[in-house]
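J.: Dock chain B against the given chain A, drawing on the hints supplied.
Those protein sequences? They're chains A and B, same order as listed.
Going by this note's numbering, the residue at position 226 of the first sequence is 226; the numbering climbs one at a time, nothing skipped.
Going by this note's numbering, the residue at position 14 of the second sequence is 480; the numbering climbs one at a time, nothing skipped.
Among the hints, erroneous ones may be present.
Here are the simulated lysine to aspartate or glutamate pairs, EDC-like style, with alpha carbons at most 20 Å apart [what the hints assert, rightly or not]:
1. A:K449 to A:E154
2. A:K337 to B:D549
3. A:K342 to A:D329
4. B:K468 to A:E379
5. B:K468 to B:D495
6. A:K342 to A:D369
7. A:K63 to A:E397
8. A:K63 to B:D549
9. B:K468 to B:D497
10. A:K63 to B:D546
11. A:K342 to A:E390
12. A:K337 to A:D369
Everything labelled a hint here was simulated from the structure, so no lab data went into it.
All values reported here derive from a predicted model rather than from experimental measurement.
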Amino acid sequence: MSASGRILAEIRRARRPLRLLGASGQLGYGIPTPGFNAGLAREPDLIGCDMGSIDIGPTYLGKGEMATAPEATRRDLRKVLLAARSLDVPLVIGSAGSAGAAPHLDATLAIIRDIARADGLRFRMAVIRADLARPMLLEAFRNGRIVSFDDMPELTDDDITGAAHIVGQMGTGVFRRALAADVDVVIAGRACDTGIFAALPMLLGFDSGLAMHMAKIIECASLCCVPGGRDPIIAELDDDGFVLESTNPERRATPTSVAAHSLYEQADPFTVHEPEGTLDLSNARYEAVDERRTRVSGAVWRDTTSPTIKMEGARLIGERAVLLAGAADPRFIAQSKDILPKLSDLVRDLVCEDQPQDYTLRWRVYGVDGVRMVVPANEQPPGEVFIMGECIAPTRERASEVVRTCKQYLLHFGYPGRLSTAGNLAFPFTPPEVSLGPAYRFNVYHLLKVDDPDTLFPMEIETVQG
Amino acid sequence: MKLSDIAQVIRSKNAGPRRLTLDVMFASDADYQRVAQSPALGPEAIGLLYGVPADQVTVIPYPAGRAIKIVLARRVTAGDPGDVDVYGAQQHAPLLGIEL
Chain A
1 MSASGRILAE
11 IRRARRPLRL
21 LGASGQLGYG
31 IPTPGFNAGL
41 AREPDLIGCD
51 MGSIDIGPTY
61 LGKGEMATAP
71 EATRRDLRKV
81 LLAARSLDVP
91 LVIGSAGSAG
101 AAPHLDATLA
111 IIRDIARADG
121 LRFRMAVIRA
131 DLARPMLLEA
141 FRNGRIVSFD
151 DMPELTDDDI
161 TGAAHIVGQM
171 GTGVFRRALA
181 ADVDVVIAGR
191 ACDTGIFAAL
201 PMLLGFDSGL
211 AMHMAKIIEC
221 ASLCCVPGGR
231 DPIIAELDDD
241 GFVLESTNPE
251 RRATPTSVAA
261 HSLYEQADPF
271 TVHEPEGTLD
281 LSNARYEAVD
291 ERRTRVSGAV
301 WRDTTSPTIK
311 MEGARLIGER
321 AVLLAGAADP
331 RFIAQSKDIL
341 PKLSDLVRDL
351 VCEDQPQDYT
361 LRWRVYGVDG
371 VRMVVPANEQ
381 PPGEVFIMGE
391 CIAPTRERAS
401 EVVRTCKQYL
411 LHFGYPGRLS
421 TAGNLAFPFT
431 PPEVSLGPAY
441 RFNVYHLLKV
451 DDPDTLFPME
461 IETVQG
Chain B
467 MKLSDIAQVI
477 RSKNAGPRRL
487 TLDVMFASDA
497 DYQRVAQSPA
507 LGPEAIGLLY
517 GVPADQVTVI
527 PYPAGRAIKI
537 VLARRVTAGD
547 PGDVDVYGAQ
557 QHAPLLGIEL
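Next up, chain B with everything else stripped away, as it sits in the complex:
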């Protein structure tokens, strides 16, 4: 099963111009629990997907919102020459196909 088959929301945005934050939210506690325990959303796996060292990836489980938050360092400061996504709103795409 892919992450996009089970999640209700998969989104990305800047948290300030130096950080990218990815939120994955679920419709039920059961779905949340199932994914929260999976290594597929661990720092190593996410780092590989985004080309970022695992120690620059923070994964925060947030049961109150049935959500998992992932925070990454942006490789380019938002809006600097060479940036591809000033708001960071389309960087969720690599998460969609994660196999659980």
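Only chain A is shown next, with the shape it has when bound in the complex:
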């Protein structure tokens, strides 16, 4: 029997509280070993890790690349895989490879198979894909089953066919199906973090509201503590609530710190929308067990009759190149708002002498208005600034041509009152122009209405033989 089958049978035979280890909120950036080992010493029934997010921006999804370094990803995967196999408990990983589309999932699976070979491991693995089939999406779109939210522009046929990858955030149903299939390891593409930890307790009949609330908190490891951090976290779930405890003795899960975590990256601290329903936290209670542990209860789960899947898609918009430079001349800094548009026009006239403008060029002046949306009036000018020119063009060569031309003409740009006639810019190194590769944007962030969300996400089971 495999790990999930063993745990399910054991707890069905003699019901007891479940212990879950939230090993990492972002697998691939390192898992602190002392905390991880302390967590393993508590003999968890499941080890779960979240591996991705939409926060990292559209390029990883579009390009099919992980955000984490391959060696660090391998080190973390090996750590959790060896631990789960030695305890014989399920290892559940969601949003594989940062963005959870086919190339991310396949790269993650390749590392896992490689670790199994090197370490001589043998296990049963469920693989759940998150890519949404284009013909299905086109049909759903025509039938009015794809809707906008958060003021995202309406979708078009072209958005569906033109996106490099489109994934759906799978819910808990597919994780339940995987764990019910007697497996040791579950690797899912793009997924709501809740499925990773809520599926096992839900299969065992623990309260869905408590299971979902617990999952929502421990997917971020010890971030719900003071001070918050990356160390793994232990949750112990019973029929009336769950107790949270960081594996790092310096991190305390207090009622306020845990309650405050409901705010994190959420638009509404009282309601969490999931594919299969809504988590209502308005009556959640947070009580101190001792200085380091908090008991949480009171969350209520409501199933929906109209499930929706959040879709994420990224589309190629060109090749990106940037110019990096500093400046310290007060007159140049004071006039930069006028100088940069003029420079852009001058460059356009040169590089578009025999063709229409086919690129975009943007300037950010750090120290002045590079970061903030609104700059207060009458702010004192800074002593020095960092200037970044960003070009997105149809080809790498074209983007590079534009920023290289910008470099030369901005360096020698003449403006009223200029004293520094040998050059306007300080380059920390040369070349100061950098090609950054393909650029993408999120062109799909919409809701797909489905009757049965689980049917969107095919599962395969393989025996990994080291």
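T.: Here is chain B on its own, set in the frame of chain A:
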């Protein structure tokens, strides 16, 4: 008194690529109550600070976490050309100097 003198946490982050969420947290219930009742953190005042119409600003008091949550529409979708802060993690700065 400025908000940064009384708050324990003032932070910002995306809530999805189309929304920015700002959290202000306090060490005591008294501090929380004092700020929660102030118009300085109302939708009009916040809208002015961020260049967003007041009807696109939501302010949610959250006593259990001694916190006030503010949600704004992002002007540019996270990661789109022209974005300045893909994670939205540095958009809290205008809140720091709010006079109470």
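J.: Does D546 (chain B) sit within 20 Å of K63 (chain A), going by the straight-line distance between their CA atoms?
T.: With a Cα-Cα distance of about 15 Å, the restraint between K63 (chain A) and D546 (chain B) holds, given a limit of 20 Å.
J.: Holds or violated: K63 (chain A) with D549 (chain B), Cα cutoff 20 Å?
T.: Holds, because 19 Å separates the two Cα atoms, which is no more than 20 Å.
J.: Holds or violated: K337 (chain A) with D369 (chain A), Cα cutoff 20 Å?
T.: holds (10 Å)
J.: Tell me if the straight-line CA distance from K342 (chain A) to E390 (chain A) falls inside 20 Å.
T.: Judged against 20 Å, a Cα distance of about 16 Å means the pair holds.
J.: Mind checking the alpha carbons of K468 (chain B) and D497 (chain B) for me, to see if they're no more than 20 Å apart?
T.: holds (12 Å)
J.: What's the verdict on K342 (chain A) and D329 (chain A), does the C-alpha distance respect the 20 Å limit or exceed it?
T.: holds (18 Å)
J.: Below or equal to 20 Å on CA atoms is what counts here, so check K449 (chain A) against E154 (chain A).
T.: Distance ~15 Å between K449 (chain A) and E154 (chain A) Cα, so the pair holds.
J.: Quick one, are K468 (chain B) and D495 (chain B) close enough, alpha carbons at most 20 Å?
T.: Given pair K468 (chain B), D495 (chain B) holds - Cα atoms ~18 Å apart, limit 20 Å.
J.: If you draw a straight line from the CA of K337 (chain A) to the CA of D549 (chain B), is it 20 Å or shorter?
T.: holds (18 Å)
J.: Mind checking the alpha carbons of K468 (chain B) and E379 (chain A) for me, to see if they're no more than 20 Å apart?
T.: holds (18 Å)
J.: Keeping to a limit of 20 Å between CA atoms, is the pair of K342 (chain A) and D369 (chain A) held or broken?
T.: This hinted pair holds, its Cα atoms lying about 18 Å apart.
J.: When you check the alpha-carbon spacing of K63 (chain A) and E397 (chain A), does it fall within 20 Å?
T.: holds (19 Å)
Figure legend: structure checked against the earlier numbered hints; every hint is met.
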